[in-house]
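Given chain A, put chain B in place with the hints provided.
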Amino acid sequence: MKTKVIDVKLLIANGYVIDPAQGINGGKNVLIVDGRIAGLLNRGEVTPEGAEVLDATGLIVAPGFIDLHTHLREPGAEYKETIATGAAAAVAGGWATICAMPNTDPVNDSPAVTRFIIEQAQRAQLANVFPIGAVTKGSEGRELAEMGELKQAGIVAVSDDGRPIPTAGIMRRALEYARGFDLTVVDHCQDLSLTAGGVMHEGRWSLILGLKGMPAAAEDVQVMRDCVLAKATGGSVHIAHVSTRGSLAAIRRAKELGVNVTCEVAPHHWTLTDEATAEYDTNMKMSPPVRSQDHVEALFEGLRDGTVDAIATDHAPHHADEKALEFDQAPFGITGLETAVGLAFDLVNQGVINLERLISLCATNPARIFSLSDRGTLMKNAHADVTILDPACEWVFDVAASKSKSRNTPFHGRSLRGAAVATIVGGRVVYLNPNYTRLIEAKKRPASA
Amino acid sequence: MTTTFKRKHLLGIRELAAGEITHLLDTAETFRDISRREIKKVPALRGRTVINLFFESSTRTRTSFEIAAKRLSADAINISVSTSSVSKGETLLDTARNLEAMSPDCIVVRHSMAGAPAHLARMGNAPIVNAGDGAHEHPTQALLDALTIREYKGRIAGLKVAILGDVLHSRVARSNIHLLTKLGATVAIAGPGTLVPEEFGELVDEGLRVERGIEAAIEGADVVMILRIQRERQDSAFFPSMREYAVHYGLKPKHLERAARDAIVMHPGPINRGIEIASEIADGSRSLILDQVANGVAVRMAVLYLLAGGGRAELEDKGH
Chain A
1 MKTKVIDVKL
11 LIANGYVIDP
21 AQGINGGKNV
31 LIVDGRIAGL
41 LNRGEVTPEG
51 AEVLDATGLI
61 VAPGFIDLHT
71 HLREPGAEYK
81 ETIATGAAAA
91 VAGGWATICA
101 MPNTDPVNDS
111 PAVTRFIIEQ
121 AQRAQLANVF
131 PIGAVTKGSE
141 GRELAEMGEL
151 KQAGIVAVSD
161 DGRPIPTAGI
171 MRRALEYARG
181 FDLTVVDHCQ
191 DLSLTAGGVM
201 HEGRWSLILG
211 LKGMPAAAED
221 VQVMRDCVLA
231 KATGGSVHIA
241 HVSTRGSLAA
251 IRRAKELGVN
261 VTCEVAPHHW
271 TLTDEATAEY
281 DTNMKMSPPV
291 RSQDHVEALF
301 EGLRDGTVDA
311 IATDHAPHHA
321 DEKALEFDQA
331 PFGITGLETA
341 VGLAFDLVNQ
351 GVINLERLIS
361 LCATNPARIF
371 SLSDRGTLMK
381 NAHADVTILD
391 PACEWVFDVA
401 ASKSKSRNTP
411 FHGRSLRGAA
421 VATIVGGRVV
431 YLNPNYTRLI
441 EAKKRPASA
Chain B
1001 MTTTFKRKHL
1011 LGIRELAAGE
1021 ITHLLDTAET
1031 FRDISRREIK
1041 KVPALRGRTV
1051 INLFFESSTR
1061 TRTSFEIAAK
1071 RLSADAINIS
1081 VSTSSVSKGE
1091 TLLDTARNLE
1101 AMSPDCIVVR
1111 HSMAGAPAHL
1121 ARMGNAPIVN
1131 AGDGAHEHPT
1141 QALLDALTIR
1151 EYKGRIAGLK
1161 VAILGDVLHS
1171 RVARSNIHLL
1181 TKLGATVAIA
1191 GPGTLVPEEF
1201 GELVDEGLRV
1211 ERGIEAAIEG
1221 ADVVMILRIQ
1231 RERQDSAFFP
1241 SMREYAVHYG
1251 LKPKHLERAA
1261 RDAIVMHPGP
1271 INRGIEIASE
1281 IADGSRSLIL
1291 DQVANGVAVR
1301 MAVLYLLAGG
1311 GRAELEDKGH
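Protein chains in written order, with my numbering: chain A, 1 to 449; chain B, 1001 to 1320.
Looking at chain A on its own, in the form it has when it is part of the complex (with noise of 0.2 Å):
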């Protein structure tokens, strides 16, 4: 980890500044003092004395990127992630800030995992770590969890991910709960009696492997499920990693009629279809499922209309030894936050998106969906917080350079085109891609003018 600490005061110059929060597209430089974001000035404006210069020439400057969905492991499976590694991975791929899924051992369900986590990632000193606490106690979908205490300790929402939200009647008590909290209910949308023993998409490629399916339905179903509690209780549900058309379709109108629902889309989840299964690979197996080239459209469609309001990871990092057993055996989940800005700049490149709507997915959209005040935007006073993107670069993925303590990824030695180069978290550069150490070289130079 190359981690450099700067003085407080940062000048990021001569980039070209996306701010979709302030409607900002154009060349400005960003000036750091204190951890905060001094304002963004014109090129020519006179900068202050004593600034660190990065030199963004050419580059993108974005607010630093939030995942919504990130499984860091710690407590109870270090051995698969800590929340050092976990953050180390998130800086190197970009994300400034991730938000800590709460299915740990034991469950993020008490105001001392909550601490502990925050506690972790403050030592750590890497990306912002919010812990999101859990919705029902151990996450059995029994009993509501003390969303109050772990809000005070420093959840910014609630989830049971990984498990649904198993019945329509705990639901309601959830996003009726915690509207008294300002939380938004994040459920991993997914009928069980319909998908019980499923390893994959249900579809055409299941039935040729043999593999038990969990079909599209089981998604779509819960979907508007939440979505017509939303619209009851007048509580406020984060739909996570969306799958298929039905639940877009169903989040889109949902929409229309006013209901507080946002969703998330996973990089894979457009990346791969459920014919990559065809080998058995378990690194094709994730809950919710890769799914058919049909679904794989309709997230197209929700990334350009904006029903797609946030593209998340899904970082679920496994040992190789769990990844080595039958496809039936082995555990869902596929590493992402490295490989996601990547795969994030595909659909740029294949004109799906522009770019100011990938940082509005990765950073605007994020901060405004989990409440994250004064981040996801360089406004003045915003948390200095960034995200510089170089859109011509050119790289493989390997994963022996991972920071992430897993290797579960369906992506090593893809090429890819268009990263995240740099990341700056409270004003610190906690990451520099090894290619780009030329901008901070620059600092010694005066900044151009």
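There could be a bad hint or two in this list.
As the list claims (entries may be wrong) - The calculated label-pair distances, taken between Cβ atoms and stated as ranges, are:
| # | chain 1 | residue 1 | chain 2 | residue 2 | range |
| --- | --- | --- | --- | --- | --- |
| 1 | B | Arg1122 | A | Arg304 | 35 to 45 Å |
| 2 | B | Arg1212 | A | Ala278 | 25 to 35 Å |
| 3 | B | Glu1206 | A | Asp398 | 35 to 45 Å |
What the hints assert, rightly or not - Here's a subset of chain B near chain A, in silico, CB distances under 8 Å, partners left out:
| # | residue |
| --- | --- |
| 4 | Arg1014 |
| 5 | Thr1091 |
| 6 | Leu1093 |
| 7 | Met1113 |
| 8 | Ala1116 |
| 9 | Gly1134 |
| 10 | His1136 |
| 11 | Arg1174 |
| 12 | Glu1199 |
| 13 | Glu1202 |
Note that these hints are calculated values from the structure, not bench results. Values in this document were obtained by computation on a predicted structure and should not be read as measured data. Glycine is no exception: its CB is placed at the ideal position from the N, C-alpha and C atoms.
Frame of chain A; chain B shown alone:
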């Protein structure tokens, strides 16, 4: 047209070309004669070791592979691994690696989970024969069925085949559909909507259709294949009762009136008499159930011969 079989493993029928299937069947035919001789043994695989690694209980398939190996003079070792001992700790991969360390020439694998043989093939070194993996494939069963059909019908191409019953959970049905359609037969499948989902028609590009009632599937059929129904499917709500299944989906003599006059009836076994097939059909003159078993040995001899090293020698050298 491929006239040799150059693959290292036999994991399924889906990935095979028609020529490879025909080559396997032709090879099996030559081995069938050996089983009809007084001395049923040739030295083709002398000094070679075949391990039958069965993670799922099976008498007939395991015995068939064992006899096939022995008739080729291979040393055959049977290992039955109960799922309970696997859950005690050792993974599939570790089990297989331990066996590989003893340098077998071929490992025959039966496993309750789809993809387990493919997993071993990818991670290990020995040739792998899939002897049935979950609901995925059972390639030697399809080959022995095809050998039986060829024996009685003289061909596969152009035949109409009905496959009836629990297609969804059947590796036998999948392997047969792949094989029969690749060789030019048309296949109709039928059974309860829960066990024969409409989407099953997408399994192959052409030659397969899904019928709701078994009568429609049998209409004009040259071959009627019946699949075994398992009681555990009733427990998971795929159908209401064995009684109702027998009434609506069991093959009865009246059904066969719709089939071609010289239609043959097949079943991979073991059969549930009076449930999926009436006894008078199973024991009747059209039933080839025991011929299937006999051909099973010949097909497995061919597969072991081609994969375990015998195939490297000339076919004539095997001791006629």
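Cross-check of the supplied hints:
1. Arg1122(B) <-> Arg304(A): 35 to 45 Å: Given range 35 to 45 Å: holds, Cβ gap about 38 Å.
2. Arg1212(B) <-> Ala278(A): 25 to 35 Å: This hint holds: roughly 30 Å between Cβ atoms.
3. Glu1206(B) <-> Asp398(A): 35 to 45 Å: holds, 42 Å
4. Arg1014: holds, 7 Å
5. Thr1091: Thr1091(B) check passes; min Cβ-Cβ to chain A is 6 Å, inside 8 Å.
6. Leu1093: Holds, because the Cβ-Cβ distance from Leu1093(B) to chain A comes to roughly 6 Å (cut-off 8 Å).
7. Met1113: Holds, about 4 Å.
8. Ala1116: holds, 5 Å
9. Gly1134: Given a least distance of 5 Å, the restraint on Gly1134(B) holds.
10. His1136: holds, 3 Å
11. Arg1174: holds, 6 Å
12. Glu1199: Holds - the Cβ of Glu1199(B) comes within 8 Å of chain A, reaching about 6 Å at its closest.
13. Glu1202: holds, 4 Å
Comparing the model with each numbered hint stated earlier shows that all of them hold.
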